[in-house]
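Given these sequences and hints, build the entire structure.
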Amino acid sequence: METCRFPSNTASFLPHPLFAGYCTDSTPCMDDFLVIDHVTKSFGAQRAVDDVSLAVAQGEAFSLLGPSGCGKTTLLRMIAGFERPDRGRILVGGQDITGLPPELRPVNTVFQNYALFPHLSVWENVAFGLRMSRRPREEIRSGVDRMLELVRLSEHARKRPAQLSGGQRQRVAIARALVNRPQVLLLDEPLAALDLKLRQHMLMELNTIHEQVGTTFIYVTHDQGEAMSLSDRIAVMNAGKVEQVDSPENLYETPRTSFVATFIGDANFFTGVVVELQHEGYVWVMIDGLGSPLVLGNGPVSSNQTLRLMVRPEKISLTLKRPPSGERVNAFPGIVEDIAYFGSHTRYRIRAGEHSVLAQLQRSRFSGGDIDPQRGAEVWMSFHPDEGRVVRLEAQP
Amino acid sequence: MSAGLKPSRQWLITLPSLAWLVVFFVIPAILVILTAFRPTDLQGGVGAGWTLETLREVQDPAYLPILWRTLWLGGLTTLVCLALALPMAFQMARVGERMRQVLLLLIVIPFLSNFLIRIFAWKSLLHPEGPLTKLLIGLHLIPENAILLNHVGTVLLVLVYTQLPFAILPLYAAAEKFDFGLLDAARDLGAGPWRAFAKVFIPGVGRGIISAAVMVFVCCLGQYVIPQMVGGASDEMLGNKIAQRVFSDRNLPHASALAGGLMLAVLVPMLVVAFWQRFGRKEAA
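Going line by line, the protein sequences match chains A and B.
For what it's worth, the numbering used here labels the leading residue of the first sequence as 1, then goes sequentially.
For what it's worth, the numbering used here labels the leading residue of the second sequence as 398, then goes sequentially.
It cannot be assumed that every hint is accurate.
Claimed, not checked - Not close to chain A: a few residues of chain B, all C-beta gaps over 10 Å, as computed:
hint	residue
1	Leu415
2	Ala571
3	Leu579
4	Phe594
5	Met612
6	Trp673
Said to hold, decoys possible - Pair ranges (Cβ atoms, derived):
hint	chain 1	residue 1	chain 2	residue 2	range
7	A	Ser133	B	Trp417	51 to 59 Å
8	B	Ser510	A	Phe43	56 to 64 Å
9	A	Gln95	B	Pro528	54 to 62 Å
Claimed, not checked - Just so you have them, the derived chain A footprint on chain B, three or more residues with Cβ under 8 Å:
hint	stretch
10	467-473
11	596-610
Hints in this document: simulated from the structure, not taken from any laboratory.
Virtual Cβ for every residue (Gly too), placed ideally from N, Cα, C.
In structure tokens:
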């Protein structure tokens with residue numbers, strides 16, 4: 001799985017680890033701008049959103065990420081005001097908006113299919129919100145012109161939405177929402193309807209717009225690459241619950257659950273038993289049919305505890321000979337079963353007893369990619385103890 | 398649909414219905430208009446030769462109030478029908494499949510009984526000894542001696558009753574294609590529910606509104622049974638006059654002049670609308 005990563009716009013926002021440590025999921029703190037407070041929503045017997053609490057800071061770019069049906073869209077519709085939560089509160093800037101209809105909320109939405117008004121010109125589409133709030137004519141004119149300039153559509157102002165391309169329509173939808181100066185901008189799968197090339201272009205465009213206006217952006221997406229490159233922080237959702245809220249880096253490097261580990265990037269999982277506790281949180285884990293690697297415990301563990309271990313494919317290096325034991329403690333032999341060449345990297349499926357391990361190499365002499373094992377060759381897989389992650393034990397998805 | 402035919406030959410498919418229209422509509426319509434330029438004969442038929450006499454006759458100022466009444470009754474019926482049909486079509490497009498079938502059935506059921514019988518039903522319902530009159534008097538909603546029948550308001554009521562389905566069906570067809578997500582977008586941008594309906598839904602079903610309005614208005618213009626049966630002596634519409642010239646006066650050229658004039662009055666606006674829709678569609682594409 002390939003992830004295009006563009007520098008995220010951290011300049012507009014305070015450092016996240018500090019923020020993440022200070023405001024936990026359940027106790028929103030004072031600076032939090034958008035607060036989801038124990039919100040639950042059911043449709044019939046199904047709990048679409050199950051006791052979700054989140055806190056987003058002012059100016060932050062935040063993503064709700066998850067597979068379809070995880071409740072992210074329902075949560076978005078509750079923030080916009082189209083659904084009423086069964087329980088819980090939603091606050092923006094300290095004001096409780098749970099009971100307000102959509103037209104009275106300081107929140108605007110960029111809809112998935114853009115929902116542009118087909119009977120109005122681009123200019124009138126953007127002016128719609130200002131007309132609804134009965135602003136003076138001069139303010140409407142300057143506001144709309146400025147917004148169209150921001151999304152670089154000034155020369156298309158007189159056209160109808162049907163005459164625009166997909167990317168242009170989306171920029172109209174963004175301008176139409178932003179012209180009302182919302183305190184929170186919601187974007188529902190903003191790139192889903194675009195083709196690949198346009199999507200990569202709009203990723204950067206969205207980051208630029210966010211940087212320029214400084215509004216709090218909430219993205220809803222099922223695409224991990226999109227979420228990682230757009231957001232300061234991501235909430236990964238699964239079955240109506242939030243699995244983990246963290247920066248893209250932390251989600252990738254230290255996922256708390258195997259769901260997060262598989263949803264963001266690829267991962268190898270092993271189930272093992274703790275055999276020996278080492279100093280500084282390192283533990284020896286016995287994995288049947290493979291061996292006993294040394295890994296970082298990632299939280300309190302005890303002897304004989306069963307746990308799950310996760311290793312990213314690109315963290316595994318391959319060598320033809322057994323690496324010197326002092327240098328690499330976690331080394332296991334295996335047979336190359338399958339090879340897939342991707343150009344920028346090559347993937348190997350390696351059989352080790354009953355385990356099938358995915359490893360990814362970059363063809364560079366410094367990264368150990370100068371070896372070229374053939375199918376059926378015996379290789380050694382090794383990884384650094386810090387790169388084997390213990391994730392929460394849960395039922396296999 | 399016509400995979401086997403070349404595009405240039407596709408119009409052949411419309412030939413049967415085109416032939417039907419020419420034989421049973423275009424030719425009779427031309428005959429009616431031609432009859433207006435014929436003299437009458439003493440037996441109530443059409444004489445030989447050509448004359449402009451009838452055209453002078455129909456310019457009788459006595460027709461003006463009748464023409465005016467025909468127009469405003471048709472216009473008002475159209476407005477009332479649209480006002481009732483718009484929320485109905487809106488709801489029908491939003492309810493579930495099952496409820497939608499029930500509503501459609503309810504709209505179509507009245508057509509199972511004869512048009513005249515339904516008008517007679519209104520007549521007995523509104524009769525001074527009828528159930529509705531008695532009920533309203535019993536509730537002291539109308540004075541004791543009130544007569545509901547033979548009134549221009551009654552004509553309007555029954556016109557709306559008969560034309561309402563013809564307003565609902567084209568509006569429903571338009572509302573079904575409407576993207577209701579646009580209403581969410583309007584609400585999101587600060588429009589209350591009513592403004593969202595007026596600013597987004599109504600323009601969204603604009604073509605349906607035009608179709609419904611033409612349908613209802615045109616059908617009203619030709620009515621003569623309803624004013625004759627539930628209206629008073631002074632509630633005649635142009636259709637009554639045409640019927641009178643044909644059946645009582647036996648003056649076919651005069652009736653033809655009135656009917657031809659009415660037909661042109663109906664056709665011209667419809668052609669304008671058709672051209673406008675065609676033009677509008679091209680612009681949207």
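Hint by hint, here is what the structure shows:
1. Every CB of chain A lies more than 10 Å from the CB of leucine 415 of chain B, the least distance being 32 Å, so the non-interface label holds.
2. No Cβ of chain A approaches the Cβ of alanine 571 of chain B within 10 Å, the least distance being about 13 Å, so the stated non-interface status holds.
3. With 10 Å as the threshold on Cβ separation, the claim that leucine 579 of chain B sits away from chain A is violated: the shortest Cβ distance comes to roughly 5 Å.
4. Chain A leaves phenylalanine 594 of chain B outside its interface by the beta-carbon criterion, the shortest separation being 13 Å against a cut-off of 10 Å.
5. The Cβ of methionine 612 of chain B lies farther than 10 Å from every Cβ of chain A, with a closest approach of about 22 Å, so its non-interface assignment holds.
6. With a least beta-carbon separation of about 15 Å from chain A, tryptophan 673 of chain B lies farther than 10 Å from that chain, consistent with its non-interface assignment.
7. At roughly 56 Å, the beta-carbon separation of serine 133 of chain A and tryptophan 417 of chain B lies within the given 51 to 59 Å, and the hint holds.
8. For serine 510 of chain B and phenylalanine 43 of chain A, the Cβ-Cβ distance of about 43 Å falls outside the hinted range of 56 to 64 Å, so the restraint is violated.
9. For glutamine 95 of chain A and proline 528 of chain B, the Cβ-Cβ distance of about 57 Å falls inside the hinted range of 54 to 62 Å, so the restraint holds.
10. Closer than 8 Å: that is the beta-carbon criterion, and the stretch 467-473 of chain B has 0 residues meeting it against chain A, so the requirement of 3 is violated.
11. Look at the stretch 596-610 of chain B against chain A: 5 of its residues bring a Cβ nearer than 8 Å to a Cβ of that chain, three or more, so the hint holds.
Consistency note: the structure conflicts with the earlier hints numbered 3, 8, 10.
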